[in-house]
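Residues per chain, in single letters:
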Amino acid sequence: MTTATTVPAVLQAPKILKGAIWAVPILIVLVVAPWVLDEYRTIELAYGLVFAVAGLGFNLLLGYTGLLSFGHAGFFGVGAYTVAFMVKYVHVESMELFLLAAIAASIVVSVVFGYVCVRYTKIFFSILTLALSQVLWSLAFKFFWITGGTDGLRVPTPRLLGVAMAESEDKSHFLAHQYYYYVLVAFVACVAVMWVIVHSPFGKALQAVRDNETRARFVGIQIRRYRFVAFLVSGVFTGIAGALWVPLNGLVTPDSMVWTFSGEIVFMTVLGGFRNFTGPIVGSVFYNFLKDYAVGYTVYWQTFMGVILVILVLVLPTGIVGSIKLLWTWARRRMAR
Amino acid sequence: MDIFVIHLFNALLYASVLFLIAGGLTLIYGVMRIVNLAHGNLFALGAFATASAVSGWFAGSQSAWLYLLLPVGALLVAAIGAILEPTLLRPFYRRPEEYQLLVTFGLLMILEDVIRFVWGPYPISATVLFEKMGQVSVGDYVYPKYNLLVIGVGFAAALFLYAFIYRTRFGVVLRATSQDMRRAAALGVNVNAVYVEAFTIGCFMAGLGGAIVVPSQSAVLGMGVDALILAFIVVVVGGLGSLEGAFAGALIVGIVREIGVSLVPELELAILYLIAAIVLLVRPAGLFGKTT
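Quick mapping for you: the protein sequence lines, in order, are chains A and B.
Here the first sequence is numbered in my numbering, starting from 1 and rising by one per residue.
Here the second sequence is numbered in my numbering, starting from 338 and rising by one per residue.
By construction, these hints were calculated from the structure, which means they are not laboratory data.
Note that CB positions come from ideal geometry on N, CA and C, so glycine has one too.
A couple of the hints might just be wrong.
Unchecked claim - Each pair of labels, with its calculated beta carbon distance range:
1. 295(A) with 344(B): 42 to 48 Å
2. 344(B) with 286(A): 48 to 54 Å
3. 112(A) with 344(B): 30 to 36 Å
4. 249(A) with 471(B): 45 to 51 Å
5. 559(B) with 143(A): 17 to 23 Å
6. 224(A) with 504(B): 40 to 46 Å
7. 214(A) with 601(B): 42 to 48 Å
8. 177(A) with 559(B): 35 to 41 Å
9. 482(B) with 286(A): 52 to 58 Å
10. 172(A) with 478(B): 53 to 59 Å
So here's chain B without its partners, still in its complex pose (with noise of 0.2 Å):
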């Protein structure tokens, strides 16, 4: 039973993380009708922050006020975000699909390098984060504290986000803008206004997971490019552009890989995919998605 409860904890962990970087990459789509391949690499680029922040700036510090670091890697994704979104993504809403995917995945390959380039090339964390929270027992096991702590924190954003779309007046007028950006700019939105706040939210998740994940894993080279694939596969199986669906599908992909890989280690990835391929010949929108 205490190891059930273990497995379940880990799911939940890695759902956490994955709804953070799979809901901004699904919330850019559902507003701006882009898929952002570099998204993986900003989520990278939070972790790289804020580990620098924790082990660089402030190494050997023990003060239980470090854990107000933690956002530092999400504001400055987000500011990253705001700056890209109206320099270099908006001359590609109007253009073929084939040239935004390949208008990120430049940027893609310049973020992996600019990562290169200010941190270097070795792995850096910010374990005493991880450490200073110390262990909850569960029966006759030991759980990571801190790990808690990123489930709350995953829970809070999903939170956050329902209640910011659903229940403030920016929501309506992202969604308004969402379902018809035509007529939302006839009614007097300022969409461009909405697309720079819209892509700013969805790098400043990127940027938190990135920055709850590096206390208890190490910021490496290519952590990006692992975690867009994972986010596709969340989305997919939700639906490309539904908030829902990225929750339910960050569960689904958390729960499956959990059980993965305590069974069939050599299939983690595999069975992953799989499911994504299923999910989109059975419901070629996704689970919650809309089929136009």
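Just chain A, same shape as in the assembly (with noise of 0.2 Å):
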């Protein structure tokens, strides 16, 4: 850390309130939200703000560190499955100890998987990371005594802060209300901590590696372990997601570890704009409203989606964020002339 460059924080400062300007109306955009829409939008604007936070925590490996993981899926359904057992296995109900739950389960496979991967770059690093999300996989897969195989497990609401969903209350208006303001809260405290990294000296000379490996060394950071405490950071805020995501759905399957799963995540990043701060967050809410869309639209959404990435792979690689900013700086300079 003490190798790094650190920028001093009267040049912060501006970075700031310049993020303030955009981040305060999103913010009460997204407080009044379950206002101004219905139920079911709201749990979807809900289900968006939990694959934003695996998002965030997915970029920081590809945008900042350079390391594209096809294995998220893997850490997601850690912390599914983390939640699930714990109401199977030892009958807890509160959310708030899932989620710690969920930190700690995924930090152990964080580690283990971090210790192994971040050996390798590039297509290697892809390959190992979706060989051991697949381990995972099949072992939830195949021990159906456990994990309730395909079937999966049924989790019921869970006590938000020791209180229970009331008896009379109807469950999808539990989770448009007081579990999207739960969310919400997850969410603002993830992107705030994510933020704090990423323009930590951390996150910087993670830049640096992503940007020039040979130097980055040369100035004295310790790549391996710079890499391994991003996977770190990156899967337990996958993991996180996971957590928030299973009250949502109410099941837990192995789908929710499986590879194309991971690719749904690299997707949603790259739709957003990896090369930016808040494209995986932008990039997982659309995807979600898009996917859920073309889903009610027709059988083959998959085609929908599928035409959708090669289009954007093929004209809009900088993603939603970075095609605004690109078109913002031309209209600034072309207002200038």
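Put the two chains together into one complex; each comes in its own frame, and the hints tell you how they fit.
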């Protein structure tokens, strides 16, 4: 840490202010959303925020460290199954305990996987993360007497801060109000933590490793250790997302850790733009609405999403946020002329 | 002893099909440095095409001529490959790997739906080819003759490919392009043509794998994605881009899986993934890969 260049606090202050100009209105929109949208859309938005947390974690590796993981569904599934196991075998109902347990479990798995994976980069890193996450998937799939196999495990609505859902309350009302705000708070906390990480000297060092490994090593950055820590943080964020996802879905199946879901996490991040901090957030929320629309519209939704992905990669490789930024600078230049 | 022979046959059967899938995947990677995530779906496409040719167009027929329909899937997939490479993949060779993986992932999603659209959601098969050949007795046991044919096709494909790549002029050009694309181009090799040919051969093998599998097991949705993961394990064990590696990897995976299935069925898949992870740890480039 000491070797990385530290940016004086004075220089960082405007950056926070600049971020706040965008963040505050968006936060207000998110807070009032349950009053404006119907319950179904609000729950959809909650799903989007949960995936955004996963996307943020994923992007610490792809966008900031330059490592493409094709196994992040593994961490997501670890978080989700931890919650399901807590309910089934420990008979806990508290969401806070779920989150703590999911963090602990994803730390353990990330340490093991990270120890193996960060030795490699590029395609080997991708394949290795994919293979290891599939180990978890096959365990969840085959040990059906523990995990419920393809039937999965049911999870009832949890207690939030010790308060259970009222007997008379409708489940979707609960999810669209109390639980939505719970997710929103967790989301904001995760965004704040990730923002600090990315803008810290540690985050800068990761970007240095991504841009030029040899030079980064020359200035004394211990590359493998930095990658390992990034992998760990990334895995924990995705694990938290997995735990938050469970009450929304009510059911945990091996599909939550299958490799094509890892592909969807990659998709979301690239859709938003992986060279931006906000890219994965925008991408996840947008992807979730898009997919829901496509699934409701046609059974051939995969073609729809696949075509979008191909076009995206061909025409808009910087994603939604990157393209908006490009348009913005172009428009400003036109105005200045 | 007889049961041992049966197990050996099963291992070889599995290895043959795996070699056809993984061989194509590794050939494409070796020449173009692109990992084709849609490769498993090309395999599935071959299976569906052959199954519908046999049990759709010629339903009820018992003629031995039906065996000539086996290559239908392979040829169809090869034709698709010849179209896909120049149109979809070519713009991506200069782009970072992330984009290559993503575009083939998009292709995977599209092909999955193409299969659903053309053949519907139900499994189809071509069992007539499997039953027609009957069985051969191994001591106290019987073994389907068709499976022996599959093993034969797998090994013949390996032999042909070896002869093709190491004994023909085109093979020389292919290997030169694979080693140094720029220098090959400077020496007058039409790199674009080589790429189309290599991709087509890779697709042909995947389609052939699907075609010979479908008489003994049905073609189902999702079979491509499963096959891709197994092919990944094979190429990781053998070394990405190495055909010898794909051959050895397919044999290793085939044998290990057979042992796993008979001893600890629950861990069958986990063992395979763990082997891949261990090989990557010990020899990052795989058993036959070149460390660069």
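Against the earlier hints, flag every one the structure doesn't satisfy and list their numbers going up.
Structure breaks no hint.
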